[in-house]
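Spelled out from the first residue to the last, the chains are:
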Amino acid sequence: MVTLTAPEAPAVDVLKETTVDLAASTVRELNQAIHNAEDGQAWTVTNPGGKHSLAVGINAGIAVTIDGHAGYYAAGMHQKGDVTINGNAGVGLAENIMSGTVHVRGDASQSAAATGHGGLVVIDGNAGARCGISMKGVDIVVGGNIGHMSAFMAQAGRLVVCGDAGDALGDSIYEARIYVKGTVASLGADCIEKPLREEHLTELAELLAAAGRTDNPAHFKRYGSARNLYHFSVHNSTSY
Amino acid sequence: MTITSVPLPAEAPQAAPAQNLAAPDIAALGLRESATFDRATIADIQRAAATGVYDIRGWGAKRKVPHFDDLLFLGASMSRYPLEGYREKCDTDVVLGDRHATRPLHLQTPVTIAGMSFGALSANAKEALGRGASEVGTSTTTGDGGMTPEERGQSKHLVYQYLPSRYGMNPDDLRKADAIEIVLGQGAKPGGGGMLLGQKITERVAGMRTLPVGIDQRSASRHPDWTGPDDLEIKIGELREITDWKTPIYVKIGASRPYYDTALAVKSGADVVVLDGMQGGTAATQQVFIENVGIPTLAAIPQAVQALQELGVHRTVQLIVSGGIRTGADVAKAMALGADAVAIGTAALIALGDNDPRYAAEYSALGSAAGFYDDFQDGRDPAGITTQDPELSGRLDPVAAGHRLANYLRVLTMEAQTIARACGKSHLRNLEPEDLVALTIETSAMARVPLAGTSWIPGVQGSF
Ligand SMILES: Cc1cc2nc3c(=O)[nH]c(=O)nc-3n(C[C@H](O)[C@H](O)[C@H](O)COP(=O)(O)O)c2cc1C
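One line per chain: the protein sequences are A and B, in this order.
Note that this note's numbering has the first sequence beginning at 1, numbered continuously upward.
Note that this note's numbering has the second sequence beginning at 1001, numbered continuously upward.
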């Protein structure tokens, strides 16, 4: 059983907060407890100690706060509710997120929000390499910089970077849209700068607001697919 | 037991397959074909020169490699007692995934259906695979492109593939799966990603993969959020946490370095290792890749079994072998070498109706012939299997095709039982390397069983 510092909250009591101390409970106990949770509950995880697979597979409208650093795959396959990490997150933060929000107050390692199908991932600090790799509809807002090969084969969704982007941004990108405020070290194959039109300023403003940021949308540049590599052709062989 | 087969309706007359110059004519003319530049090779060069693109095709390796054909069973005799062919029990069931998962699979036959994607295959074909597998109590597997409701609905045991592309991957389907198969590679293309050409991307396929209709879809060759065995261990941990440790987790590898890959899969926490040899089928891969990368199924099995045995987990971590399984003898041989189960892809498609001679005229119109058709990437399959064209896929009745597959699966199982009884085994699992000999020196060395009539295993024991 989970070691609880407060008695189990009744489902209806939205204000009741349950704390799971990972110095005393296992990750298995934590995840099982939140898989059994009911909509509206609030959970706090203390002493996460960089453990892996924290708060994965959440499928109820709950709020989970992790007080400290999380390891690999924090909030993996997130489906509902909100997860906040008051610390840094390891590889594969919110990988394959479907909906809901995941917010990291610190930095995130590589492959943040990889293959995410929906929802919002906010990283206040920097994100490592391959941020938004193969993203399929998720929205990602990064307060700082992102590493190389970010948005590789990005299919759908929006990636907003308030700092700088590393090498090969958006390599082999499909229909995802990328907004970068700072510099881009280099663009990957088939990724080009595109005009920032009114509808883009609007969606960018919405994304920044959702992430709790005050950056000016007009200061960003937009990047996306040139759509030249959508069909395999021998004449493109030097592009890859 | 009598099997009543479901005959194919004979709508089209059976035409003879496309013929090359008949052999006697060649001899009469004194023509000599080059072994190095044979007709297929010449045609490949001509095709490359004309198009400037390498050949992409389906099916598996077509070249001859050492295979199960070069193994023979030693039936029981004075020193071994056979079981009575039609009366004594020879069980065939297998439990997969009981190492860590609380809900392992219990299958009635060790012949399972390999992962083939919706997208590569029509929805009717996927449904037929599910129906056929369920009829005989075995499992079927999704593929690159996600889980369809037709497939889930018709499959008693459904394995959900977790691939680098993560097309259609979602936690609801993950929780609905009876097992999860993390795909590292495929025997047809170890180290390669995938490609679904634009002509097969209908609205439904595109929607499931979150991509525009009609464009080529590339599948990455590496997973986006892990690399190497240490990461894989953490990844497996995450999938177990999401599914509350109920669901067995398989790791599928394409045979190249099976000894190390198997050991690392075990170390990473896999419940089951799926090992696919170079003859294994594919929906669309470069021919040069299919024919030149990876090692034969036969050579791969003993290496994987050795790794399992050295780690003390043979039979605890189950081994599923695929790549060129066609007959009950192949099933029995794979199991005698140490596999717990096998998987079939190409043979299952043939059982559904792939390469059926009744479509001879249509294969010929596509520049192929029944028995040769491998353009799975094109989406114009006359048999309605490797296509998304509604007219073509409508030709495949999932119920009838499912029955044909079930028939075939029963035959494979009974054939394997026939051999096992002759070797005195009351369960297919009890077949062992000691029951086998090899016909050729290379097969003996690869399979690590003696050359027939000798006690010699090159590189292992004895001398000629
Ligand atoms: C049409 C087709 C589609 C396939 N799609 C996949 C796939 O999506 N994922 C995968 O791991 N293997 C895929 N495979 C490979 C099979 O899972 C299996 O490894 C192989 O077919 C076994 O060899 P066999 O065809 O000789 O039986 C596919 C094979 C075929 C023929």
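Hints in this document: simulated from the structure, not taken from any laboratory.
One should not assume that every hint holds.
Derived coverage of chain A by chain B (criterion: at least 3 residues anywhere in the stretch with Cβ under 8 Å from a Cβ of chain B; other residues may be distant) [said to hold, decoys possible]:
hint, segment
1, 41-50
2, 59-69
3, 80-88
4, 126-138
5, 168-177
6, 194-202
7, 215-224
Over the 12 Å line for every Cβ pair with chain B, so calculated as not near, a few chain A residues [said to hold, decoys possible]:
hint, residue
8, E17
9, D21
10, E38
11, A55
12, H231
Beta carbons: idealized from backbone N, C-alpha and C, even for Gly.
Now for the hints, and whether the structure bears them out:
1. 41-50: As far as the segment 41-50 of chain A goes, the hint is violated, because 0 residues have Cβ atoms under 8 Å from chain B.
2. 59-69: violated (count 1)
3. 80-88: It is violated, with 0 qualifying residues against the three required.
4. 126-138: The restraint on the segment 126-138 of chain A holds, since 5 of its residues have a Cβ under 8 Å from chain B and three suffice.
5. 168-177: With 3 residues in contact (Cβ-Cβ under 8 Å with chain B), the coverage given for the segment 168-177 of chain A holds.
6. 194-202: violated (count 0)
7. 215-224: violated (count 0)
8. E17: The claim holds: A/E17 sits with its nearest Cβ about 22 Å from chain B, beyond 12 Å.
9. D21: 18 Å, holds
10. E38: 17 Å, holds
11. A55: Since the minimum Cβ distance to chain B is about 9 Å, A/A55 lies within 12 Å and the statement is violated.
12. H231: 5 Å, violated
When the structure is compared with the earlier hints, violations turn up for hints 1, 2, 3, 6, 7, 11, 12 and for no others.
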